[in-house]
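S.K.: By the working numbering, the letter at position 99 of the sequence shown is numbered 107, and the numbering carries on one by one without gaps.
Careful: at least some of the hints might be erroneous.
[Claimed, not checked] Derived lysine to aspartate or glutamate pairs resembling EDC-like cross-links, with alpha carbons at most 20 Å apart:
#	residue 1	residue 2
1	K83	E38
2	K71	D25
3	K104	E56
4	K71	D32
5	K71	D39
6	K83	D25
7	K71	D45
8	K104	D88
9	K104	E85
10	K83	D32
11	K83	E36
12	K104	E53
In short, the hints are calculated from the structure, not lab data.
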Amino acid sequence: IEDEHDDAPTALLIPIDGGGWEADARAELEDVGETIDPRLAVVDEDVETIGGLAFVLAGHVPKPGDCLIHDSGWKLEIVDADSRRVTRLRLHPPEKMAEIEE
């Protein structure tokens, strides 16, 4: 139950240096697509979150330190996870995008 005294919700997507992003695994792909890159929201499987996308790319629950490459060139680095799910990720832009932003 929420009320006006609760702390503001933590941002699910936080920009970091170099064009990358810190992401809560619960961030919805639709929001990731709108905020970061629409290509990240294009998935064949029935996946709704960035954590789910990491699971699909890996084919299993990835471990912290694992890096997964999305078709768009974005690299998903697993920052925090347990045996059942990913909780935090760091998104690294494709090399070409990183060069454009610098």
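S.K.: Hint by hint, note whether the structure agrees.
M.R.: Hints versus structure:
Distance restraint check for K83 and E38: the Cα-Cα separation of roughly 18 Å lies within the 20 Å cut-off, and the hinted pair is therefore satisfied. Distance hint between K71 and D25 is unfulfilled; the C-alpha atoms sit about 24 Å from each other, more than 20 Å. Distance hint between K104 and E56 is unfulfilled; the C-alpha atoms sit about 27 Å from each other, more than 20 Å. With a C-alpha separation of about 15 Å, the suggested pair K71 and D32 falls inside the 20 Å cut-off, and the hint holds.
Proposed proximity of K71 and D39 is contradicted: the alpha carbons are some 24 Å apart, above 20 Å. A hinted pair counts as satisfied when its Cα atoms are at most 20 Å apart, and K83 with D25 qualifies at roughly 15 Å. Between K71 and D45 the CA atoms are separated by roughly 24 Å; this puts the pair beyond 20 Å, and the hint is violated. Only pairs whose Cα atoms come within 20 Å are accepted, and K104 paired with D88 is rejected, the gap being roughly 27 Å.
Taking the CA atoms of K104 and E85, the gap is near 18 Å; set against the 20 Å cutoff, the hint holds. For the hint linking K83 to D32, the alpha-carbon distance of about 15 Å falls within 20 Å, and the restraint holds. Under the criterion of a C-alpha separation no larger than 20 Å, the hint pairing K83 with E36 is consistent with the structure, at around 17 Å. Under the criterion of a C-alpha separation no larger than 20 Å, the hint pairing K104 with E53 is inconsistent with the structure, at around 27 Å.
Comparing the model with each earlier hint shows violations of hints 2, 3, 5, 7, 8, 12; every other hint is respected.
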